[in-house]
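*Asks:* Below, each chain spelled out in residue letters.
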Amino acid sequence: MAIDEADKTKDAAGDQPLLIVNHLKQYFPIPGRRVVKAIDDISFDIMPGETVGLVGESGSGKSTTGRAVIKLDEITSGQIVFDGHDISGKMSREEEGYLRRNMSMVFQDSGASLNPYRKVIDTIATGLDAHLPNLDKHEREQRVYQMMDRVGLSRSQANRYPSQFSGGQRQRVCLARALIMNPKLVIADEAISALDVSIQAQVVNLMKDIQEEMGTAYLFIAHDLSMVRYISSRICVMHLGHIVEKGRTDEIFANPVHPYTKSLISAIPQFNPETERDRVPITYDVHKAGIDYTKGSYHNVSGQHYVLATDQEFAAWTK
Amino acid sequence: MKSPIASGNASAASIEAQAPRDHVHERPVIKISDLTISFKTANGIVHAVRGVNMDLYRGQTVAIVGESGSGKSVSAKQIMGIHSHNEIYEGGSIEFTYKDDDGREKTVDLTKIDDKEMAALKGKHVAMVFQDPLTSLDPTMTIEGQLSESLTEHMGLSAEALHARCVELLDLVGITDVEARLKSYPHQLSGGMRQRVVIAIALSCDPDLLICDEPTTALDVTIQARILQLIIDLQKKLGTSVIFITHNLGVVAKVADYVNVMYAGKVVEAGTLKDIFYDPRHPYTWGLLSSMPSLSTDRSERLFTIPGNPPNMLNDIQGDAFAPRNPYALEIDYKMEPPAFQVNEHHWAATWLLDSRAPKVEMPEQLRNRIAGMKLESAKLREGDGNGD
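For the record, the sequence lines run as chains A and B. Heads up, our numbering is the position in the first sequence plus 57, with the first residue counted as 1. Heads up, our numbering is the position in the second sequence plus 7, with the first residue counted as 1.
The shape of chain A in the complex, shown without the other chains:
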C-alpha cells in the first residue's frame, strides 16, 4: 500500500516535498457583498523535516492558509498534495484518517484550545483514542508519559487540569497532543506569540529538538520575524492573500526585494539602544505604491528566492 511505502522510504524521499500547495484560493462570500479573497492563488511546498515560516500582518491570509492545509475549511480552488495524497477535494475515509494521523496543529491561545474539564492525560491521548482505540490502558498511559517527558512536563502533572498550568506549560500540552501520533507535519499558528519572552525561547528550542529527533516538519505561522528567522529554513511573506516573496531564510534577510518585505524587516525593533533610537523604519502602502498583486508574476532573484512583481517593478526593485 502506498501509505506504508511512504513510511519506509521516509529518508530516501528527502527530495520529494512532504506538502505541495498549488494555486490555492480561499474565498469567503459575504452576504450582499463581494467575496473576500483571503487567499488568492498561492503556491509553496514543505520538505520532510523542514520548517517553513509564513509571515505577514493580520489579514494577510496566513492563518487561513494553515487552516486550508489541514482541511479545517473547504478550499475554493487549487491543489494540496500531502505526502503523495491529493487532499484538496473530498477525501475517502482512509485518506482522511491518514491526514489526521500525520498532520496536526497548535494554536495561539493554549487556554482556548484545551478543554478545561479534561485532564491533560486525556487531552494528550486524544490522537491515540481516535486512531488506536484498542490500545490497552497501560500502553496508552506509557505513550502519554513518554510524550510528556519529551515536551518537558513531569508525569506527576498528568492528572491535572489545564487551569493548573502556566501558559508555557499549557502550550507544551498542546504540543504533546499534536505530536502524540508522531505526525509528519505540524502547523504552528502563532504558537508562541502569547508566551513570555523567556518561555518563547524554551518552546522554540523544544520544537527544534523534537524536529531533530523525530523529523517533524513545521509550517510556522507568525508575525514575529526575528523568531521566524531563527526557526525556519525557508520563508514565505504574505500580504493581502498573496505570497509576495519567498525563498531561503538567509536569501530573504540578506537581500529583501519586495518593498513589503523590506518594511516588515525594518519594523522589527532592534536590540541596540544606540542604533535603534533614531532608526526610522521603512513604511509601505500598497495603494500609494500603486502595486497590483494580481498583475505580478514570480521573478527569480537568485537560487530559490522569488518575488511577486511585474517586469517593470522587478527591474526597478533589483536595480
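Since the hints were derived computationally from the structure, they do not count as laboratory data. One should not assume that every hint holds.
Stated by the list, open to error - Simulated coverage check for chain A against chain B, where a stretch passes if three residues somewhere in it have a Cβ under 8 Å from a Cβ of chain B:
no., region
1, 221–227
2, 254–267
3, 272–284
4, 320–331
5, 338–350
As the list claims (entries may be wrong) - Here are a few chain B residues that face chain A, going by a calculated C-beta distance under 8 Å:
no., residue
6, T229
7, N255
8, L295
9, R309
Even glycine gets a Cβ: it sits at the ideal position worked out from N, Cα and C.
For this one, chain A is given, so just place chain B on it according to the hints.
*Replies:* This is chain B only, laid out in the frame that chain A set:
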C-alpha cells in the same frame, strides 16, 4: 523645560543625554516607595507587588519590563487609581507631582486620596493607554464623542473650541481626513488607527503623565513601529512623562530613557537604557536579554532560556524569588532577600552577586558577545556620522 531626549539627532548624543540630570532640585513626577499590593483569591492571597520602588522625572520615559505576573501592570494601575474588588493595599506610597490650574506645583499621595480627588486627576493629569484599543473604545460612540468626553469633563470648552481641539488632536496623532474620522465609529477604523485615537484621547487634556500598558503588543510589527514613533515624537513635542510597560526589549531600546526590570512583584534591576543593555548585572536581566533572538543571532545556535517557571505568587517567597531559576544562585539567595546594590549613581541591581563577599561571576558568554557586537555596531554608526559631517 528642556526634555532630555530632545537634544540632538546623533544617537550618541541622545544616549549621553539620558544620564539622569542633577535631581537634587527636582521633584520626580512619580515617586513610588515600597508599594505592596496583594489579591484575595479562592486559592489564597496572591502577593502581586512586593515592595516596588521607582522614580520618574519630568519629560522622561521609564520602561517597566518583566514577564506576565511580575506585577508591572498592577503597579501602573495603582497610579491610575484602577483597583479591583479583591485587591488589598498593604502599604507604600505613590507621590505624584503635577502643576495645578494656577501653575503651582502640587504633590499628592495617590494611595491616600479618595475617588473624587482621583477623578479630578484622571484624564487631566494622568492618562493611560491600554493594550487592546477595541476594548478601550466605546463601540456605540463616535470618535468625536469619545475625544470630547474628557475635554468636557476637565476643560469646559465651548462647542466650537471643543470641535477645534478634536480636529487638532487627530491631526497630532497623524490621522488624515479628520472631519470624516470624527464621525466614524471604532469598528470602522483599523487597529493602528484605533490605537492612535486612544492615544489622542489620552493626550486630550495635556496630561503630566502618560502610562502606556503594552500599547503595541496587539498590533502588527509595521503598525507597532509607527505607533512607537508617534509616542516618541509626541513626547518630544509635549514634554510628557511616560511610563511604558512592555515585555519586548526591542521596544524598550526604542522608547525608554530609564529601565526597571521587574520579577515576581519587585524591581530587581534599574538603570539608564545604556546601563541595562550594555552593562546588565542581574542574572534575570541577563536571561531576558539573551533569550530574545536578534536579527544577528546565529541560527544554528540554541536560544538561551531561563530554566523553570516564574514562582507561584500564592506562596511566601523566602530569599531571592529568582534563586530557583538562577544558575548562579548562592546559598544566601535561598535565605535572605538581596538588598539593592548600587552599581553607579543611576544603576542598581538586587542580587547577592554584587556583594563584595560573593564569588566573581561574569555574564554568559553568548550575551557578552552580543553586547560587544552592539557596541561595535554603534561605533561604526558614529564613525559613519563623523564622516558624513
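*Asks:* Against the earlier hints, flag every one the structure doesn't satisfy and list their numbers going up.
*Replies:* Failing hints: none at all.
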